[in-house]
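Residue numbers (the numbering used here), protein chains in the order written: chain A, 1 to 567; chain B, 568 to 677.
Mixed in with the good hints, there may be bad ones.
[What the hints assert, rightly or not] DEER-style ranges, computed between Cβ atoms:
no., chain 1, residue 1, chain 2, residue 2, range
1, B, Leu597, A, Gln166, 32 to 40 Å
2, B, Arg578, A, Ala48, 12 to 20 Å
3, B, Arg640, A, Pro211, 47 to 55 Å
4, A, Glu116, B, Leu597, 26 to 34 Å
5, B, Leu641, A, Gln153, 30 to 38 Å
6, B, Leu641, A, Lys107, 44 to 52 Å
7, A, Ala268, B, Ile627, 22 to 30 Å
[What the hints assert, rightly or not] Now the stretches of chain A that chain B is said to cover, found in silico as 3 or more residues with beta-carbon under 8 Å:
no., segment
8, 212-223
9, 463-477
Worth flagging that the hints you see were computed from the coordinates, not collected in a lab. Heads up, the beta-carbon is just placed ideally off N, CA and C, and yes, glycines get one too.
Below are the chains, spelled out letter by letter.
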Amino acid sequence: MNNTSILSGMSTKDAFLESVPSLNVQDEEQKFIRQARVRIVMGMVIFALFLLLLISRLAEVSLLRTPKVFTPMAANQVKTRADIVDRNGELLATSLETYSLYADPRKVWDAVASTEAIISVLPDLDPAIVEERLTSKKSFVWIKRNLTPKERQLVFSLGLPELGFQVEPKRVYPRGNLAAHVLGFTDIDLNGTAGVERAFDKRLSEKNAAPIKLSIDMRVQFALADELGVGMEKYAALAASGVVLNIKTGEILAMASLPDFNPNQSGATLPNNRLNRASMQLYELGSTFKPITIALAHEAGVVKDGEKLPVHKPLVIQTKSIKDDHPVYEPMGVDDILAKSSNRGVSLLALRAGGDAQQDLLKRLGLFDRVPMELKESAAPLVAREWQDITIATVSYGHGISVTPLALATALAALLNGGNYIAPTIEKQKIGQAIKSHRAVSSETSQHVVDSMRYVVTNGTGRNAAVEGYELMGKTGTAEKLINGEYARKRLVTTFVAAFPYSDPHYLVFIVYDEPKAYEGSWGYATAGWNAAITAGAVVERIAPVLGVRKTVKMAAHKPAKIGGSQ
Amino acid sequence: MRYAHATIVRRSRVGLIAPMLIFVGLLVALYAIKAQTLEAKSRVYTLERSLAHERQVVQILSAEIAHLESPERLRALAVDQLGLQPTPTQRTMTLKQATQELAQKVEGQR
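Model the full assembly from the supplied sequences, consistent with the hints where possible.
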């Protein structure tokens, strides 16, 4: 528009000359304005980009990235293992956190100096092994596992940068040797390797698993182990074992084996001490088998009421003469055969019943198989392949068949509880819980055995076991050990089975001594009546009040009128 | 016209800046919440650790009690310090026996 007025009112030259400065000024201004605008836009763009970057970074940090939360020592990373308690909730095994010492050999500056420093605070370690580990090419080597708090503090004070601690659980058995064979132990990585630890390994290893309640009663267990210990010392026996069973439920209230061990130091124990003799050691248990033969005779119906057997006459089977330890001069009834522990008497009864009936009964009593319980430590019996007459006779008094003390205790429990074989269990049974059992003998037969075993304590070889007020039943057993195919007369295995109370048999105590010796006051005898019976009586005296068995006012002497017998 | 143009430009700027500010505000709020959550989480971990530690202390104490209460130790203390012995059955009597015994003594005194 300005150009048009210039061209219309003035000469082109004048107009041009007049207009040039203003045009120049306007161009300069426009230029500056444009430049300024460009700068402003660029600034804004840079600012926007910066803001965008800031926002995107903020978004990334706040939305996409989750920073790690510092967890100094996550407890859930440490392997756990449930506690083991007795039937009354008393703690038997638990797991505690300990510190294990490791080293990173790559950070070792002077292996010799480091070894010397470590040995100065942990003197039980082997310097050569420590130095070898510190000079290895690995990035992680164990120095010592499960340190005590004091040891940890001492190592900590060394200030060696190559050393570190790792939290590790350790299995602890606060009762020491008590029930060591039942509880078993774990390896250093907390895997169960023996006893309950092995049998219930899966359950114990589960996260947040509840404690396992055993059928064991700590007080009964201690009384049994204590009396066995006293007896083993007094009778100078090589070993001893014992079982206390609740014959109504099959619960094992106590199971002890001596010599024993401390499961807290299971690695430093002799293998012989770790052997659970109650469930793993096979013995020919001798005359404690005789109640089974009495039950066999009644089951097979081979004894008439009041009948007496010619036990005073020699008995030879397949050129082998069956002898009795106690001299007999007249025929005896069944109760006296058991009370006087006549080998001839039970042999005659077993021969009358026959081998098939005998084997059948032994099978029903579980004596042809390993004891079906939770513990893996359960030995299979040694049974004769051929069942000849001599086998029938010897098995009738507990020779020619090798079983564990627990197996025989379980079989005898079946004869005393009304005739039901109940598989023993190490786990506490709940009230009303179904009990797995099968009938082994009739209830009448069971009552005969109960009466006969009461008679053994009141009138027979088990008199030393009698405990006033607790109506004990029992049977002694003395067997010669089989050494290199021959029976050694001086090397005995003595046993005693006791059950109480007679009016309602509820508990069974089984005691075994391996090679007990005669002692002052035993008149040179080392037979069961002079050791195992006394221990069984002492155990019953201690555990009966604990188990709540009511003491009866007077010991009622049993009168065997039902099945005959001499008085 | 110029005024209308300026108004449009201002509105468009407000329309651009306002959501941005809201977005930034939301991000800041989210960040703050997340930071609080992490702090709470860290506290939970600390508490859990403390709980585990306390549990461990309880375990140690239970083990110590079990050790102190072990029958072997108590027996040794009872025998050595108090001179106690297991009670034989001859030294115990039922309530019925005690009543009879008492009645006999009273009878004897008369």
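Going down the list of hints, with the structure as the test:
no. : hint                            : result
1   : Leu597/B - Gln166/A: 32 to 40 Å : holds, 39 Å
2   : Arg578/B - Ala48/A: 12 to 20 Å  : holds, 19 Å
3   : Arg640/B - Pro211/A: 47 to 55 Å : violated, 22 Å
4   : Glu116/A - Leu597/B: 26 to 34 Å : violated, 57 Å
5   : Leu641/B - Gln153/A: 30 to 38 Å : holds, 32 Å
6   : Leu641/B - Lys107/A: 44 to 52 Å : holds, 50 Å
7   : Ala268/A - Ile627/B: 22 to 30 Å : holds, 23 Å
8   : 212-223                         : holds (count 3)
9   : 463-477                         : holds (count 4)
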